[in-house]
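Participant: In order, the protein sequence lines correspond to chains A, B and C.
Under my numbering, think of the first position of the first sequence as 5, with each following residue one higher.
Under my numbering, think of the first position of the second sequence as 524, with each following residue one higher.
Under my numbering, think of the first position of the third sequence as 1458, with each following residue one higher.
Just to be clear, a hint being listed does not mean it is correct.
[Stated by the list, open to error] With a straight-line Cα cutoff of 27 Å, these simulated DSS-like cross-link-like pairs (lysine-lysine) come out:
| id | chain 1 | residue 1 | chain 2 | residue 2 |
| --- | --- | --- | --- | --- |
| 1 | B | Lys853 | C | Lys1777 |
| 2 | C | Lys1777 | B | Lys586 |
| 3 | B | Lys887 | C | Lys1764 |
| 4 | B | Lys887 | C | Lys1763 |
| 5 | B | Lys764 | C | Lys1777 |
Everything labelled a hint here was simulated from the structure, so no lab data went into it.
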Amino acid sequence: MAEVSTGGAVFRACIGLIDVPEVGEYILLHAGFAIQRISEEEAAETLELLREIKDASNE
Amino acid sequence: MLQMNDRGIRYIDEYRDKVLIRKLVGLIRDSAHSGYTFMEVCGGHTAAIHRFGIPSLLPPGIKLISGPGCPVCVTGQTIIDKAVAYSRKQGFIIATFGDLMRVPGSLSALEKEKAAGADVRVVFSGLEALEIAKANPGRNIIFPGIGFETTAPGTAVTVKKANDAGLRNFFLLCSHKVMPPAMDSIINDGVNLDGFICPGHVAAITGSSVFEFIPGKYGLGCVIAGFEPVDLLQSVYMLVKQVNERSQSVEIQYTRAVTKKGNLLAKQLMKEVFEPCDSYWRGFGIIPLSGLRLRKEFECFDAEKVFPVKTAREVENQSCLCGEILRGLKTPSDCPLFSGVCNPLNPVGACMVSEEGTCNTHYKYAQ
Amino acid sequence: MNEIITLNHGSGYRLTHELIRDVFAKTFGMEGPLTDSAILGEQGYLLAFTTDAYVIDPLFFPGGDIGKLAVCGTVNDLAVSGAVPQNISASFIIEEGFPIDDLRKIVLSMAAEAIKAGVKIVTGDTKVVGRGKCDKLFITTSGTGLVAGEFAHISTAKNVKTGDRLIINGPVGNHAVAVLGARHEIEFRSQVTSDCAPLNSMISSVLAGCKSIHFMRDLTRGGLAVVLNELASMTGSNIVINEESVPVDDAVRGLCEILGFDPLYLANEGKVLIVAGGEEYEEVLDIMRKSPEGRDSEVIGEITAKKDGKVVLNALTGGKRILGVPSGLQLPRIC
Chain A
5 MAEVSTGGAV FRACIGLIDV PEVGEYILLH AGFAIQRISE EEAAETLELL
55 REIKDASNE
Chain B
524 MLQMNDRGIR YIDEYRDKVL IRKLVGLIRD SAHSGYTFME VCGGHTAAIH
574 RFGIPSLLPP GIKLISGPGC PVCVTGQTII DKAVAYSRKQ GFIIATFGDL
624 MRVPGSLSAL EKEKAAGADV RVVFSGLEAL EIAKANPGRN IIFPGIGFET
674 TAPGTAVTVK KANDAGLRNF FLLCSHKVMP PAMDSIINDG VNLDGFICPG
724 HVAAITGSSV FEFIPGKYGL GCVIAGFEPV DLLQSVYMLV KQVNERSQSV
774 EIQYTRAVTK KGNLLAKQLM KEVFEPCDSY WRGFGIIPLS GLRLRKEFEC
824 FDAEKVFPVK TAREVENQSC LCGEILRGLK TPSDCPLFSG VCNPLNPVGA
874 CMVSEEGTCN THYKYAQ
Chain C
1458 MNEIITLNHG SGYRLTHELI RDVFAKTFGM EGPLTDSAIL GEQGYLLAFT
1508 TDAYVIDPLF FPGGDIGKLA VCGTVNDLAV SGAVPQNISA SFIIEEGFPI
1558 DDLRKIVLSM AAEAIKAGVK IVTGDTKVVG RGKCDKLFIT TSGTGLVAGE
1608 FAHISTAKNV KTGDRLIING PVGNHAVAVL GARHEIEFRS QVTSDCAPLN
1658 SMISSVLAGC KSIHFMRDLT RGGLAVVLNE LASMTGSNIV INEESVPVDD
1708 AVRGLCEILG FDPLYLANEG KVLIVAGGEE YEEVLDIMRK SPEGRDSEVI
1758 GEITAKKDGK VVLNALTGGK RILGVPSGLQ LPRIC
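The shape of chain A in the complex, shown without the other chains:
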């Protein structure tokens, strides 16, 4: 079991469905279970792509 925080509300989550995560990592929480780890690289890539869309449309 691990502790998970969303904006300051702290829940307990079972991490039996994922590889042991590190403190500070982000996970998907569903019905008391961590079901997936959030990929920081993928998130960064998507946001970068989206930022390009945002900036491109400014031209």
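Given the coordinates of chain A, assemble chains B and C onto it according to the supplied hints.
Facilitator: Structure of chains B and C alone, referenced to chain A:
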């Protein structure tokens, strides 16, 4: 105790950036040069689409319809009738997800039984139901397991933990379902669609590969979407492009959580505890191999095997159009029962039962 | 005195008198002989009169207890009607076995809140019932206050007009989350405390400083969305709310995201919706922000010209949706 953050305010706010949203809406408007109909099959998507006012942002030519993505909506009355029957037995505790409390069975609902004195408790997780079992050794705890591939792994872990702890008073009333066979069934029966917004959390578990039959067999596009407004809009944009370019495939928009293979550990645990079976979907009838049941080794936790109860045959109201609405063929206003006989306080069919059902949402939000 | 309430305390005989004298009358500062009813009155004003019952579980929660809730609830019901709250009655139904120490804590809490709010608890009643016949403690409070004639329209909303702005005095949903956490039905921790507080001081500053207060109502069980719908229904007006302007604390937002709740529908105990004329709302906001209970006040929306009685939410995305009223209690959802 490890400290981690979930999606958290951090992974929520960037995906709600107003400027980004406006730009994406602009891109969609520029690319959409005809009518498009896309179906989503996830209760979470239905809720997010309405909560964020997505229909009001999209150009009029793009229609988003709700398929059978809400496990509550498609849960037949038999499971409810069984849960109700158990709740009336001496010494039984029903520990259920909140979603099931108001679903009507043929005669009653769990909420009504609770009001009449039955011990029905809302839990947030199967593990809480386990704790109740440990704390009440003299009573039998029934945990109705509903949900798709997002929730089933958690139930698998719960059953394994019950087994490891040697618990003899914890039972699963299994009603888990899996998505792909239902999507196959919908398309096979004939739908008017241009593509699917695929369920992001189901896909986080299953991986994107399970949806490949949709473009493969039927030539319809799929985008696996996240749940924030930017996720949904980017997914719609990707689907419009697939239609325009005739490049239908399975694309992942929700890359931060979904991969091709999915969560291998979760899938392995599911396989260990469950096996596929035929399952009844409200509004559809029986869809082959669309459900999960406990394997023989875990039969001692199967409520229906240990405590067989007789229930009424599944009977659906003949005038109820839920089946067609769930397939995207009709809308709530087409149904003769809508908002009269069938309303949120007295739901008749699946689509009105859940807060995210198409008819329930239409009733509350449609202008 | 014994440490727990017994049925003898409800007998009407000596133990009853001792209980009233030692636990209630002394703490509430009631002087003189205790009579059946308290006679109150002043000429030329209208009398506002309200009553409420409090059955909350648990009795003690972060930010308050059932006693504080009772006093603040009644004070606020009077204040939002334009009244100056003055006198409160408090009747107690106590379950056999209830610890007197807890009763003292709750009564002290009520006395403290009454002093803060500038009201007096002038009369009351007490009954004891057998074990299991009530859930620990129920409190019913009634209250009176005088309303100046010029404020009598406020609770009717009949002066609400197009262009009026809607103001709320701070973040919503805190009370619901604090109580949910204290109930331990859902396992989570947070620093969120109930917003339970008397609002009469802030409201009287507003009424003293502004001429165009057209409506006030305090938010309780159904949350902000229910009060907005009530207002729309009473006036037939269309109300537009800006989702981004509605203050919500991060921890409340986080909990709602996880459990599938909507903060606009969560319970509050220290929040008031004030509708102020378009020409004056900035002054109203200034005055509210000077009060501790109004520090985080925000303008959240306005009354528009359309007459369809609907509440429209401008979503944070730039899209729109209708804010309706759900059929029953929000239950935590997984799907």
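Participant: Next, verify each hint and record whether it holds.
Facilitator: Against the structure, the hints come out as follows:
{"no.": "1", "hint": "Lys853(B) / Lys1777(C)", "in the structure": "holds (24 Å)"}
{"no.": "2", "hint": "Lys1777(C) / Lys586(B)", "in the structure": "holds (16 Å)"}
{"no.": "3", "hint": "Lys887(B) / Lys1764(C)", "in the structure": "holds (19 Å)"}
{"no.": "4", "hint": "Lys887(B) / Lys1763(C)", "in the structure": "holds (19 Å)"}
{"no.": "5", "hint": "Lys764(B) / Lys1777(C)", "in the structure": "holds (25 Å)"}
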